[in-house]
Amino acid sequence: MRTPPGVKEADFAAALREFASAIGKQWVFTSDEDVDLYRDAYSPFWGEPEERQASAALAPDTVEQVQAIARIANRYKIPLYTISTGRNLGYGGSAPNASGSVVLDLKRMNRVLEVNENNAYALVEPGVSYFDLYRYIEERGLKVWIDVPDPGWGSPVGNSLDRGGGYTTHQFRNHFDAHCGMEVVLANGDLVRTGMGAMPGSKSWQQYKTGFGPAIDGIFSQSNFGIVTKMGFWLMPQPDAYLTGTVEVPRHNDLVPLVEVLNFLENSRICQGMSDLSSPVMGMPAPPDAPPSPPDLIALINKAIDGNARELDDYAASKGLTAWSVTIKFYGPAKAIAAQWEYAKEKFSVIAGAKFIDGELIRLPLTAGQRDKVHKVEFGIPSLSIFSMGARNANNPTPGDGHQWFSPIIPRNGEAVFEANKVFAAAGRDFGLPVPPFSIPFCFWERSFLFLFGFPVTHDAAKNKSTREAFRHLVQIAAGHGWGEYRTAPAYQDLIMSTYSFNNHALLRLHETLKDAIDPNGILSPGRYGIWPKHLRGARR
Amino acid sequence: MVSRRDVVFGGIAVATFPVFADVVGARSPAGETLGRPALSLYKVVFDERFPSSVDFGREALARGFAVHAIRGDMTDLWYYDLYPKWKTGPAAIAGLTAHGPLFCLERLSWDIGMRVSFRERRPGDLYSWVIAPGRRA
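Same order as they appear, the protein sequences are chains A and V. Plus 153 on top of the position in the first sequence (first one is 1) and you've got the working numbering. Plus 533 on top of the position in the second sequence (first one is 1) and you've got the working numbering.
Just so you know, the hints here were simulated from the structure itself, not pulled from any lab data. We put the beta carbon where it would ideally sit given N, CA and C, even for glycine. Among the hints, erroneous ones may be present.
In the DSBU-like style, the derived pairs of lysine-lysine whose C-alpha atoms are separated by at most 30 Å in a straight line are [to be verified]:
hint, chain 1, residue 1, chain 2, residue 2
1, A, Lys230, A, Lys687
2, V, Lys618, A, Lys296
3, A, Lys498, V, Lys618
4, A, Lys526, V, Lys576
5, V, Lys618, A, Lys529
6, A, Lys618, V, Lys576
7, A, Lys575, A, Lys456
8, V, Lys576, A, Lys529
9, A, Lys526, A, Lys488
10, V, Lys576, V, Lys620
11, A, Lys362, A, Lys472
12, A, Lys500, A, Lys472
13, V, Lys620, A, Lys383
14, A, Lys526, A, Lys498
15, V, Lys620, A, Lys526
16, A, Lys296, V, Lys620
17, A, Lys575, A, Lys472
18, A, Lys575, V, Lys618
19, V, Lys618, A, Lys178
20, V, Lys618, A, Lys383
21, A, Lys488, A, Lys500
22, A, Lys488, A, Lys529
Quick look at which bits of chain V chain A covers, simulated, 3 or more residues with Cβ under 8 Å [claimed, not checked]:
hint, stretch
23, 607-616
24, 620-627
25, 632-639
All chains, full assembly: derive it from the sequences and hints.
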């Protein structure tokens with residue numbers, strides 16, 4: 154039997170007996186066959202001694218059982234690693250930061266406690282998946298939408314605590330920002346409700362976010378200060394219609410005004426959906442099965458990255474292609490969103506040569522036929538179709554066994570996109586990384602761009618080692634330019650936390666002060682997002 | 534393209550897949566008796582995009598199994614069919630698919646104590662597989 158670090162085998166056995174007494178022995182998993190299910194399928198250390206693996210797993214069913222587990226863990230100083238559904242692949246899965254931790258698997262706590270159609274909110278337990286919540290709403294014919302990540306088999310609680318995102322409108326895409334109220338079990342087993350939930354008999358727990366006094370919900374995201382056992386979310390009232398409009402501009406440097414207008418329209422809530430930026434002339438972003446860009450085009454792209462875009466513009470003109478395209482998306486009454494698109498056209502018309510393509514107006518709800526054709530996540534429909542992409546094909550003969558996301562936040566302006574590409578293209582060449590000739594940022598988040606580079610994880614230790622080294626270099630290079638990652642897998646959390654180092658790591662020191670106060674024995678997810686308890690901290694500095 | 538209707542009415546398959554020997558408990562590809570009890574399959578999954586998977590679906594049908602066609606994406610199969618079925622208890626399934634659908638179905642089946650009991654890589658980067666109740670199911 155594996156044991157947690159620093160815990161005597163006899164103590165661990167005693168703790169397991171007490172856990173079994175608290176939650177039922179059938180919900181205490183200790184066999185390799187069961188515990189191996191919690192390995193991170195996308196671990197960049199797969200099969201190596203450094204791969205982080207659990208020692209056991211517990212699957213409680215109630216808040217009271219979670220409280221009992223916390224108290225037992227405190228008594229025996231057993232590290233717990235909390236997961237909701239554990240399907241956060243690409244950013245860590247269900248494997249702990251600290252090998253030997255006991256996974257606290259909240260999948261059985263899967264009750265949808267409330268969905269309020271009138272005021273569009275929900276209250277759920279951590280084991281509720283997006284599919285569960287979608288089914289609950291669909292079966293009752295409620296006119297509210299959820300906002301889902303892609304793939305959608307994770308949970309609203311887990312994804313929002315990890316600060317994941319979705320694909321509908323601004324105020325719902327940022328899943329943590331869309332939450333309203335939490336219930337949290339602390340390390341000592343105490344139970345806290347945040348916001349209005351702190352008032353016994355509150356009638357507005359999911360209707361007003363901050364309650365009274367400090368708003369502390371944020372400390373329970375990307376952290377290890379408590380075990381969230383309930384969480385409220387604001388939902389999107391089902392809109393009447395959906396409309397897209399595409400803007401094309403001819404020249405490479407038109408990206409600068411294109412983004413300026415886009416920012417105005419998004420920040421003014423004229424267009425609410427997640428905008429899609431692309432470059433027709435560069436063929437970016439390229440689909441997974443696209444052939445490599447021809448060398449002559451790559452040469453022109455490289456010149457453009459170096460500041461000389463004239464030849465790329467000439468090439469685009471000769472091919473009848475435009476430099477940039479952005480598709481903006483509208484949700485709301487058909488008349489209103491048609492007017493918003495017309496207004497957007499006026500604004501983009503300041504760019505010489507801008508062309509507009511009207512998208513189809515889709516009246517909602519979707520018909521069955523429409524549902525099969527649309528990008529489901531833009532309509533709040535969870536899907537796993539993303540796993541059918543990336544299969545072996547002529548252009549991708551050696552697909553990886555998984556991926557790890559490198560995901561820096563970049564300022565929302567065209568100049569920053571050019572600069573980031575110059576930096577990342579050079580880094581990709583230097584380290585042999587599969588960085589595309591030109592990377593197009595995503596518009597998941599308000600006010601900023603997100604770059605997403607998926608680096609392959611394989612079952613070849615040598616390749617993984619090389620990718621890890623390159624990944625670490627990229628993190629440092631990005632930090633050197635003031636670009637920080639918004640999220641990462643446990644393998645890189647210490648590294649990335651170390652780049653948020655203003656004033657001699659004042660933020661991390663504050664995290665550690667909180668950790669020592671709230672969880673003095675360091676039993677809750679030690680190491681998550683770089684926050685280690687005191688007894689495990691020294692060696693990591 | 535072969536549709537589900539073609540599979541249903543296309544006649545008896547000619548290929549034999551080792552996975553069925555594992556499922557029906559008859560004989561292994563080498564011919565020896567496996568000595569395992571027959572496994573009741575709730576559904577056999579094939580992918581219409583791959584001819585060998587379509588053959589697999591045909592053979593499953595000829596053997597009397599209920600079949601389900603996908604085209605890479607297994608979401609609807611799981612959401613509308615397997616998820617409600619598995620809510621009532623474990624139910625074994627088999628398939629010949631690409632890695633992606635197997636990866637998803639395997640992980641989803643863990644939640645009710647099921648495991649991949651047979652997995653074999655086949656030509657064309659496909660996998661034949663059986664997901665069956667595990668020790669804890």
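Comparing the hints with the structure gives:
For the hint pairing lysine 230 of chain A with lysine 687 of chain A, the CA-to-CA distance comes to about 13 Å; that is within 30 Å, so the pair holds. A C-alpha spacing of about 26 Å is found between lysine 618 of chain V and lysine 296 of chain A, which places the hinted pair at or below 30 Å, so the restraint holds. Among the hinted pairs, lysine 498 of chain A with lysine 618 of chain V is inconsistent with the structure: their alpha-carbon atoms are about 50 Å apart, more than 30 Å. Taken as a hint, the lysine 526 of chain A and lysine 576 of chain V pair is honoured in the structure, with Cα atoms around 26 Å apart against an allowance of 30 Å.
Our distance criterion of 30 Å between C-alpha atoms is met by lysine 618 of chain V and lysine 529 of chain A, whose separation comes to about 24 Å. Using a Cα cut-off of 30 Å, the hinted pair lysine 618 of chain A and lysine 576 of chain V is violated, with the two alpha carbons roughly 41 Å apart. With a C-alpha separation of about 10 Å, the suggested pair lysine 575 of chain A and lysine 456 of chain A falls inside the 30 Å cut-off, and the hint holds. Simply put, lysine 576 of chain V and lysine 529 of chain A have alpha-carbon atoms about 26 Å apart, close enough for the 30 Å limit, and the pair holds.
Proposed proximity of lysine 526 of chain A and lysine 488 of chain A is supported: the alpha carbons are some 24 Å apart, at most 30 Å. Distance hint between lysine 576 of chain V and lysine 620 of chain V is fulfilled; the C-alpha atoms sit about 15 Å from each other, no more than 30 Å. For the hint linking lysine 362 of chain A to lysine 472 of chain A, the alpha-carbon distance of about 53 Å lies beyond 30 Å, and the restraint is violated. Taking the CA atoms of lysine 500 of chain A and lysine 472 of chain A, the gap is near 27 Å; set against the 30 Å cutoff, the hint holds.
Taking the CA atoms of lysine 620 of chain V and lysine 383 of chain A, the gap is near 23 Å; set against the 30 Å cutoff, the hint holds. This hinted pair checks out: lysine 526 of chain A and lysine 498 of chain A have alpha carbons roughly 26 Å apart, not beyond 30 Å. Of the supplied pair hints, the one linking lysine 620 of chain V and lysine 526 of chain A holds, its CA atoms being roughly 28 Å apart against a limit of 30 Å. As the CA atoms of lysine 296 of chain A and lysine 620 of chain V are separated by approximately 25 Å, the hinted pair is consistent with the 30 Å bound.
Pair hint lysine 575 of chain A plus lysine 472 of chain A holds up; C-alpha atoms about 25 Å apart against a cutoff of 30 Å. At most 30 Å may separate the alpha-carbon atoms for a hinted pair to count; lysine 575 of chain A and lysine 618 of chain V exceed this at roughly 52 Å. For the suggested pair lysine 618 of chain V and lysine 178 of chain A, the alpha carbons sit about 26 Å apart, so the restraint of at most 30 Å is met. Distance restraint check for lysine 618 of chain V and lysine 383 of chain A: the Cα-Cα separation of roughly 27 Å lies within the 30 Å cut-off, and the hinted pair is therefore satisfied.
Distance hint between lysine 488 of chain A and lysine 500 of chain A is fulfilled; the C-alpha atoms sit about 19 Å from each other, no more than 30 Å. For the suggested pair lysine 488 of chain A and lysine 529 of chain A, the alpha carbons sit about 23 Å apart, so the restraint of at most 30 Å is met. Taking a C-beta to C-beta cut-off of 8 Å, the stretch 607-616 of chain V contributes 5 residues in contact with chain A, enough for the three needed, and the coverage statement holds. Using a Cβ-Cβ cut-off of 8 Å, 0 residues of the stretch 620-627 of chain V lie near chain A, which falls short of the minimum of three, so the contact claim is violated.
Counting residues of the stretch 632-639 of chain V whose C-beta lies closer than 8 Å to any C-beta of chain A gives 5; at least three are required, and the coverage claim holds.
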